[in-house]
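**Q** This is what each chain is made of:
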Amino acid sequence: MTLGSREPMVKAEKVHKRFGRVEVLQGIDLQVEVGQVFCLIGPSGSGKSTFLRCINHLEKVNAGRLWVDGELVGYRQSGDKLYELRDREVCQKRQEIGMVFQHFNLFPNMTALGNVMEAPVRVKKESKAAVRERALALLDRVGLGDKCDNYPAQLSGGQQQRVAIARALAMQPKLMLFDEPTSALDPELVGEVLDVMRGLAEEGMTMIVVTHEMGFAREAGDALVFMDGGVVVEAGHPREVITNPQHDRTKSFLSKVL
Amino acid sequence: MADGDPVFAGSTAGGTNPEVIEAIPVRHRGRWVAAAIILVLIAQLIHWLVTDSALEWDVVWHYLFSDQILTGVVNTIKLTIIAMIIGVALGVVLAVMRLSKNPIVSGVSWVYIWFFRGTPVLVQLIFWYNLPTVLRSISLGVPFGPSWFAHDPKDLITTLVAVCLGLGLNEAAYMAEIARAGILSVSEGQVEAASALGMTRLQSMRRIVLPQAMRVIIPPTGNETISMLKTTSLAVFVSYNELLGAATNIYSRTYQTIPLLITASIWYLFLTSILTVGQYYLERYYARGAQRELPPTPMQKLRWRLGRKEWS
Numbered sequence: 001m002t003l004g005s006r007e008p009m010v011k012a013e014k015v016h017k018r019f020g021r022v023e024v025l026q027g028i029d030l031q032v033e034v035g036q037v038f039c040l041i042g043p044s045g046s047g048k049s050t051f052l053r054c055i056n057h058l059e060k061v062n063a064g065r066l067w068v069d070g071e072l073v074g075y076r077q078s079g080d081k082l083y084e085l086r087d088r089e090v091c092q093k094r095q096e097i098g099m100v101f102q103h104f105n106l107f108p109n110m111t112a113l114g115n116v117m118e119a120p121v122r123v124k125k126e127s128k129a130a131v132r133e134r135a136l137a138l139l140d141r142v143g144l145g146d147k148c149d150n151y152p153a154q155l156s157g158g159q160q161q162r163v164a165i166a167r168a169l170a171m172q173p174k175l176m177l178f179d180e181p182t183s184a185l186d187p188e189l190v191g192e193v194l195d196v197m198r199g200l201a202e203e204g205m206t207m208i209v210v211t212h213e214m215g216f217a218r219e220a221g222d223a224l225v226f227m228d229g230g231v232v233v234e235a236g237h238p239r240e241v242i243t244n245p246q247h248d249r250t251k252s253f254l255s256k257v258l
Numbered sequence: 001m002a003d004g005d006p007v008f009a010g011s012t013a014g015g016t017n018p019e020v021i022e023a024i025p026v027r028h029r030g031r032w033v034a035a036a037i038i039l040v041l042i043a044q045l046i047h048w049l050v051t052d053s054a055l056e057w058d059v060v061w062h063y064l065f066s067d068q069i070l071t072g073v074v075n076t077i078k079l080t081i082i083a084m085i086i087g088v089a090l091g092v093v094l095a096v097m098r099l100s101k102n103p104i105v106s107g108v109s110w111v112y113i114w115f116f117r118g119t120p121v122l123v124q125l126i127f128w129y130n131l132p133t134v135l136r137s138i139s140l141g142v143p144f145g146p147s148w149f150a151h152d153p154k155d156l157i158t159t160l161v162a163v164c165l166g167l168g169l170n171e172a173a174y175m176a177e178i179a180r181a182g183i184l185s186v187s188e189g190q191v192e193a194a195s196a197l198g199m200t201r202l203q204s205m206r207r208i209v210l211p212q213a214m215r216v217i218i219p220p221t222g223n224e225t226i227s228m229l230k231t232t233s234l235a236v237f238v239s240y241n242e243l244l245g246a247a248t249n250i251y252s253r254t255y256q257t258i259p260l261l262i263t264a265s266i267w268y269l270f271l272t273s274i275l276t277v278g279q280y281y282l283e284r285y286y287a288r289g290a291q292r293e294l295p296p297t298p299m300q301k302l303r304w305r306l307g308r309k310e311w312s
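Going line by line, the protein sequences match chains A and B.
Positions 1 to 258 (our numbering) are the ones given, in order, by the first sequence.
Positions 1 to 312 (our numbering) are the ones given, in order, by the second sequence.
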């Protein structure tokens, strides 16, 4: 999948993040290539979600550098000085990065269709008719063509998460972030969400997925990183890391989740 | 389910349904005693209301739809609406300011709420009414510089304006706290989802947070409106002709104090009843999306109940 000449979609260099006195990320180095499905695994509290949230600047990085598509996240560099980006510029950059949350976070005051149409219409100021057509196609694609007029409360968890994926895709992002997209779902409903994600991966979408679904990581993942205690413990191809982990910490984690 | 399933076999087969239970319900003797006592008390009250000539019911009916009282009713409604519009609009702005990250903006909001909640509304009302006596002129222009437009404060702050300012600005302080509670009730994840989609803070406030906060804001706002309807009677102190003012004007001439207070009360009760119904439907509107199914309206409930009676 990697195209040697192209810049990586995401590049992290010694990324540190502190919450008060707790250092959640203690120097993360990694690189996500265009078109890759990049899986982040690790125990809770290992900083994988925090790292994901740094990528679209929902969290501010305290030290180190983080680039998305060759551009620094949250700052502008001029000479050797860093300038914080204005709110408007941060919003601009977020438009190109889709995010799917563990608890869906659909807007309960809008229908499924309303959720999908909201950002393209309000943020990108696209014409309603065009967005509507695209939104209907997206909902159809995630298998919810008949649920357009339902409010989130009238949908199952799996359906809500699929609407959330359609909502993120409606902005036509170049990168998708998934923050434990199936952790809040009944085991029965996990499959339908993973199917949608697999379809996306096949189309070549660059995806960073924080997950506990080892099956998904093994089959759909192009790269996998095991994080613990705010550092990358082990990285490699998912099949190799999962079947043949090198570090003791990775071994003990995998023995519990597999 | 398979036919052989023991749990469902009976109900699907039909004839073997168990007998419907028809037990003798528990008798609540206490309820009957309480009901009897209360009925007697109510009968006494009605008897006194109807027979006591001092209440002068004919006077009550006579004035109920008189021009003076009706003008007062209209003015009371006008005051309530204007004061609540000022209160809600300014209150939401103050709430958003209070939650701002800018310390100056949130500080201004804090001081406003502190001041207007900390002094009695009656004092504020009389203050606004008397303000023209200490202001020489009201002008708009460059601070300490030339002005483009100047006015005699007596023309600008009429009694109506003074009352609306007094009630509205005071209400804004209370509404600010109600709106703030509503905004805080919306989960952090909603704002995060909005910002992840590239929405600005203002966009997510207007499109995502406030509509959801409404569900929390509406019930106490209904309360405030009902309370405001009655608080407008304070305008009597600056001799504004609202409902109580109209009643006062009449009884100060005729000395029929109690009958006219009853007249006013009937109107107040009527108006608050309308507001209560309005509040119910407004709550129902903003509950959509939060509940799978909206609760039935009283009319729907009544229709179903009547319908059910017809079947049995």
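Please note: incorrect hints may appear among the correct ones.
A few chain B residues that face chain A, going by a derived Cβ cut-off under 10 angstroms, partial list only [unchecked claim]:
| # | residue |
| --- | --- |
| 1 | Asn17 |
| 2 | Ser53 |
| 3 | Glu56 |
| 4 | Ser185 |
| 5 | Gly189 |
Listed next, the in silico DSS-like pairs over lysine-lysine satisfying Cα-Cα at most 27 angstroms (straight line) [stated by the list, open to error]:
| # | chain 1 | residue 1 | chain 2 | residue 2 |
| --- | --- | --- | --- | --- |
| 6 | A | Lys93 | A | Lys174 |
| 7 | A | Lys124 | B | Lys101 |
| 8 | A | Lys93 | B | Lys101 |
| 9 | A | Lys147 | A | Lys60 |
| 10 | A | Lys124 | A | Lys14 |
| 11 | B | Lys78 | B | Lys230 |
| 12 | A | Lys14 | A | Lys174 |
| 13 | A | Lys60 | B | Lys101 |
| 14 | A | Lys93 | A | Lys125 |
| 15 | A | Lys60 | A | Lys124 |
| 16 | A | Lys81 | B | Lys101 |
| 17 | A | Lys124 | A | Lys147 |
What the hints contain is simulated information worked out from the structure, not anything from laboratory work.
Note that the structure is predicted; figures quoted are calculated from it, not measured.
We treat Cβ as the ideally placed atom computed from N, Cα and C, and that holds for glycine.
**Q** Does each hint hold? Answer for all of them.
**A** Tested hints:
1. Asn17: 33 angstroms, violated
2. Ser53: Not OK, violated: Ser53/B not within 10 angstroms of chain A, min 58 angstroms.
3. Glu56: Since the shortest Cβ distance to chain A is 53 angstroms, the answer is violated.
4. Ser185: The hint is violated - Ser185/B has no Cβ within 10 angstroms of chain A, the shortest such distance being about 12 angstroms.
5. Gly189: 4 angstroms, holds
6. Lys93/A x Lys174/A: Judged against 27 angstroms, a Cα distance of about 11 angstroms means the pair holds.
7. Lys124/A x Lys101/B: 26 angstroms, holds
8. Lys93/A x Lys101/B: Between Lys93/A and Lys101/B the Cα gap is close to 22 angstroms, so the pair holds against 27 angstroms.
9. Lys147/A x Lys60/A: This hinted pair is violated, its Cα atoms lying about 37 angstroms apart.
10. Lys124/A x Lys14/A: 33 angstroms, violated
11. Lys78/B x Lys230/B: 13 angstroms, holds
12. Lys14/A x Lys174/A: Roughly 24 angstroms between the alpha carbons, so the hint for Lys14/A and Lys174/A holds.
13. Lys60/A x Lys101/B: Holds, at about 16 angstroms.
14. Lys93/A x Lys125/A: Holds, at roughly 16 angstroms.
15. Lys60/A x Lys124/A: 24 angstroms, holds
16. Lys81/A x Lys101/B: At roughly 25 angstroms apart (the allowed maximum being 27 angstroms), Lys101/B and Lys81/A satisfy the hint.
17. Lys124/A x Lys147/A: 25 angstroms, holds
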